[in-house]
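According to UniProt numbering, the sequence shown is numbered sequentially starting from 1.
Derived by calculation from the structure, the hints in this document are not laboratory data.
Since the structure is predicted, the reported quantities are computational estimates derived from the model, not experimental observations.
Careful, some of the hints might be misleading.
As the list claims (entries may be wrong) - No more than 25 Å apart at the CA atoms, straight line, and that leaves these computed lysine to any residue pairs for SDA-like:
1) 389 with 440
2) 407 with 397
3) 309 with 362
4) 180 with 110
Claimed, not checked - DEER-style ranges, computed between Cβ atoms:
5) 289 with 228: 28 to 38 Å
6) 220 with 419: 17 to 27 Å
7) 326 with 210: 47 to 57 Å
8) 360 with 449: 32 to 42 Å
9) 387 with 289: 21 to 31 Å
10) 317 with 212: 52 to 62 Å
Just so you know, even glycine gets a beta-carbon here, dropped at the ideal spot from N, CA and C.
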Amino acid sequence: MDEVLRAPRRGTVSVTLPGFAPDVGKEKAQLRQSLRRMQLFLASLWILALDLLQVEAIRTGRRISHRYHAAAAVMVQYKPSRLNYLLIVSAVGSVLVLSVLFQVSLEVKLDGVPIGAVSSQSDFVTVLDDVEAQATEILGYNYYFSPAVSYEFTLTPRGDVLSAQELKSLLFDRVGEVMKAYVITVDGKAVGASQSRDTLNALLNEMMDQYRTADTISANFVQSISIGYDYAASDIAQDPDAIRDVLDSNEVGQVTYTVQAGDTLSGIAYNHNMSLSQLDAINPGIEPEKLQIGAELVVSQAIPTISVKTVDQVTYTEAVPFEVEKVEDSSLYVGDSKIITKGVEGQAQVTANVTMINGTEQSRDILSSKTLAEPQTQVVAVGTKARPKTAPTGNFRWPTSGTLTSKFGYRTVLGVYRFHEGVDIANSTGTSIYASDGGTVTFAGWRGDYGYLVIISHGNGVETRYGHCSKLLVSVGDKVYQGQKIAKMGSTGRSTGSHCHFEIRINGTPVNPLSYLS
């Protein structure tokens, strides 16, 4: 490259015509002056031809009074000698040859150095504007050509006048911040360049090969990618490793996933290499129970520069779900059930086209399915007997009204740091306390720090406790229903004020009541 050009703006183009004042006007006037010179030159040749005819007339003894007005008569009355005839023909032929082989053109000079001839100033300016616009796009800032441009009219062989492409190449050669090479573009954006097309093709093949498998039937880039011989910024990535880093990089944006049948939030998160909490964070307000087929979830906030879409044709064995047959059983309560005959899943051989982007499955098109083993129906007995009011429902209600003053977990009470195995609900002494669910009273009395305590068993190892009561309203063995009044609130035992200490225990282990209360 000859030089780096960084002029903030292009100056006025100067035009110099030898033999004319520097204030000659527009290009048309300059061209008329040049054509006038050509006319004078052709007229001189014509006069030379007439002089030769006059000489021939004198030689033969005939005189012509005025060589200009009688030119035609001389040509008719006098036959020139062979020599003069050849001279005349040569003169006229020279004029014709000049007009065919040469043309009036402008020699372009940059800072006084000739670079070639163009047909007109407008042709040069058009190409120059194009070069500046393309350089601006390549370099990312407004680029203007800086050398002083001047023109000089000249007679140029027609084949030597610069074409637009030749002129463009000459001008780009003077833009030191760009180069010409094989350029790889992604969605119209240049990302790397090399003097070898094969090098760039090899890089793209490497990108695609990392996602191809023995089952791949097609592989394409998601983005529009091309390689062409063009101009690019000189500082663009050129080393193969540097280009690969650019192709492997991400851009800020969002990648979405369309929910398919059978999807779960945890499964979607796992398939996209993220935790469930990360998926929740970039999809605020999503509710697992309202997940619908066709809904779009954001699974990434970075878009790869290049993504590879592959289609693999795979054959695999999958489970065929069994059907469930329900039969009524009057010995079971409504809502209860038990399995009579356990179902067995079947098996099917499936062939499918699996579409993936960068190795992550996007969709699955089932081509065929062949049953290998039939599923066996599961038979389930469902209860029809009315459930007594005292039977547990499996759901828990708040045991009393008031203010939640202490939660489940470690806390400091009366100067002692200890684990709190339930929740405290404060209200005035005598406030009613209710059974959180139906069940059987297994304890009703005084128990150390609990003060007056009621324990209700709800079956299957589940029990609830109600402590610090001021008065008990049930006894051991009583069957109670959900919402039945069982005690009154107080501050007995180890207590700092009137409240109900409420626990839920499963197989003897306290659990957080707030996770179960509705």
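Status of each hint after checking the structure:
no.	hint	verdict
1	389 with 440	holds (12 Å)
2	407 with 397	holds (16 Å)
3	309 with 362	holds (10 Å)
4	180 with 110	holds (22 Å)
5	289 with 228: 28 to 38 Å	violated (52 Å)
6	220 with 419: 17 to 27 Å	violated (59 Å)
7	326 with 210: 47 to 57 Å	holds (51 Å)
8	360 with 449: 32 to 42 Å	violated (56 Å)
9	387 with 289: 21 to 31 Å	holds (26 Å)
10	317 with 212: 52 to 62 Å	violated (24 Å)
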